[in-house]
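Trainee: Chain by chain, the residues:
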Amino acid sequence: MAKYLLKRIGQSILTLVIILTLVFIMVRQMPIDGYFENIDKLDEAVIKATLDQMGLNDPILVQLKDFFIDLLHGDLGTSARYSRGVPITQIIAAKAPISIQMGLLSMAVSMLLGIPLGAAMARSKNKFWDKFGTVFIVLVNAVPAAVYYIYLQSYGSLALNVSMLFDESNWVSWILPVFSMSLGSIAYYAMWLRRYMLDEMNKDYVRLARAKGVDSRKITMRHVFRNAFVPMIQYIPTSLLYTVSGSIYIESLYSIPGMGGLLVDVISKQDNPMVQALVMIYSCIGIIGMILGDILMAIIDPRISLNRKEGAR
Amino acid sequence: MDQEPILSVQHLNVKFSLRGKMLHAIRDVSLDLYKGETLAIVGESGSGKSVLTKTFMGLLDANGWIDSGSILYNGRDLAQFKTEKEWLTIRGREIAMVLQDPMTSLNPLKTIGAQIEEALKLHQNLTGPAAHKRMIETLTDVGITEPERRAKQYPHEFSGGMRQRVVIAIAMACNPKILICDEPTTALDVTIQAQILHLIRDLVRKYSLTTVYITHDLGVVANVADRVAVMYAGDIVEIGMAREVFYDARHPYTWALLSSLPQLGVKGEKLFSIQGTPPSLFQEIHGDAFAARNPHALKIDFERRPPMFEVSPTHFARTWLLHPDAPKVEPPPVLKRLRGEEVRV
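Protein sequence lines, in the order shown, are assigned to chains L and G. Numbering that gives the first Met the number 0 puts the first residue of the first sequence at 0, with every later residue one more than the last. Numbering that gives the first Met the number 0 puts the first residue of the second sequence at 0, with every later residue one more than the last.
Chain L with its partners taken away, still in its complex shape:
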């Protein structure tokens, strides 16, 4: 297990380095406007001096080396335009908690709603729950998220009698953004769980369990659901990603002071160091999610052997 983990983490670090290098180089291709408040009014010489001071006129490999060395010291640089001169780590530290809370909440909500929906769909194939779920899944996937986000925001805030914008101290105003963020994952969980459960139900071991006299409720719970859930496990961390990426739009829609809104903000303000730092953080979340998924799978499924080679014999 430890060996597998090390190998997996090593691979992930390599992936991360490649992503960071690419992002770094791409950000360097952006216009230099992103480093100044009011470039139009500045003198050529001042611009050059500032760029020199920031090390932006060095050869790209030197810049890259400096960037990675700073990174190892936990230094992401300073913001250029969003709030000039403030260390990026400090800005993010202030914004991250609310995003993480929202992400975890919506993950919990999507599992609590999506998994029972999927199981109900599988049990009542072609009956009410199955049809209801199918309509829901098709709607969520076919209608652009931006459309139903806005509908949810405008009609939802009326129905709940809350302001359209987010107010952290009022728990009612958490409902709409968290629910909006969960919709995609609910559909995702329900769709795949239904499909995996129906797959499992047709397997011989279910037939044998019936033949040995296990009642159908227990078969669904102990055999079918459990086994269908194994391939789902690896998607759970990935679905956290979906909520995170969903949050990019939702946070700006509801003016939530989180990281997703921040990314939209800094891109529109062309704050290059901030963009770079945030992209790095999102990539990290993604990669960690995938490692966690693989590890969870390995723990749950005995057929995946991490350190031994022991085939069927």
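Source of the hints: derived by calculation from the structure; they are not laboratory data. All values derive from a computational prediction rather than experimental measurement. Certain hints may be false.
[Said to hold, decoys possible] Cβ pair distances, simulated, as ranges: (1) T144(G) / K2(L): 27 to 33 Å; (2) G45(G) / L5(L): 52 to 58 Å; (3) T185(G) / N125(L): 29 to 35 Å; (4) K132(G) / L5(L): 38 to 44 Å; (5) A141(L) / T139(G): 57 to 63 Å.
Each residue gets a CB set at the ideal place from its N, CA and C atoms; glycine is no exception.
On the provided structure of chain L, position chain G as indicated by the hints.
Mentor: Relative to chain L, chain G alone:
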């Protein structure tokens, strides 16, 4: 053999609805299963042998139903069972089953021990250490070495033959009266087949079970069966003691089936095979279902379904050739070699 039927099927008709059409899978089958006997049901794919035994346990697929007839067991008519609750009094507890493919018939995510204990808990009310002890005994019973270590393993750590032993252990843990083996050796290596057949035979003797084998392998039949029922197109066409069906077959389909045994082939010559295909069960069958492929078919074979003619008190065949007025037809000469040949596997 005890002459008391433990299970009695009377005029059973089973139908399926498939893509809007109706399929008549079991056509008026009557069959007595005697206590302690081993009955083999043989027939080609689609002849209804699996469907017939599935009706004993209420395991028909959702699109199939018992149209008429009765299945009497212990004074109750299983054909009238509607709810799962009723069936749970039969499944495992009274009738257990060994399925064809051991590679897929165990839950891949549960340990072998847990899967056996599940049956013990359901049918012998054993839990905790008592269940564990009985589980280990059951594993030893089916010839698994190092049962303590093996019980903690998962199915993928077992070979095909070992898994089939575990499937048999699960069936034995149910403590049934009747054991149905649905092609228990078809998916196994030839070398393992004989071991599994011996194991089942030993267990059947030890626990005095009544056994039904479903197979298309006549070698298996010769090895294990007291009695043989030959099925064709959803009907039993001939039934009798194993030696009667092998050495004194009366139905032309049984003749054809036996003639296609590779053991009877002559080196360098083509093996015998039955011409044509079985009739479609989507249409009502008139007369003898085998008539169209039967070189000895009489005119009446196409018109009226033959009754069961008695050959001996234990041997019956459904063919007009047994009618006193029928012309005398000799079985294919090749069958005479059966007596001299070893049909055993």
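Trainee: Now, for every hint given, state plainly whether the structure supports it.
Mentor: Now for the hints, and whether the structure bears them out:
Taken as a hint, the range 27 to 33 Å holds for the pair T144(G) and K2(L), whose Cβ atoms sit roughly 31 Å apart. In this structure the hint that G45(G) and L5(L) lie 52 to 58 Å apart at CB holds, the actual value being about 55 Å. Separation of T185(G) from N125(L) is about 33 Å and conforms to the stated range, judged on CB atoms against 29 to 35 Å. Separation of K132(G) from L5(L) is about 42 Å and conforms to the stated range, judged on CB atoms against 38 to 44 Å.
With their beta carbons about 58 Å apart, A141(L) and T139(G) fall inside the hinted range of 57 to 63 Å.
Hint violations for this structure: none, all hints satisfied.
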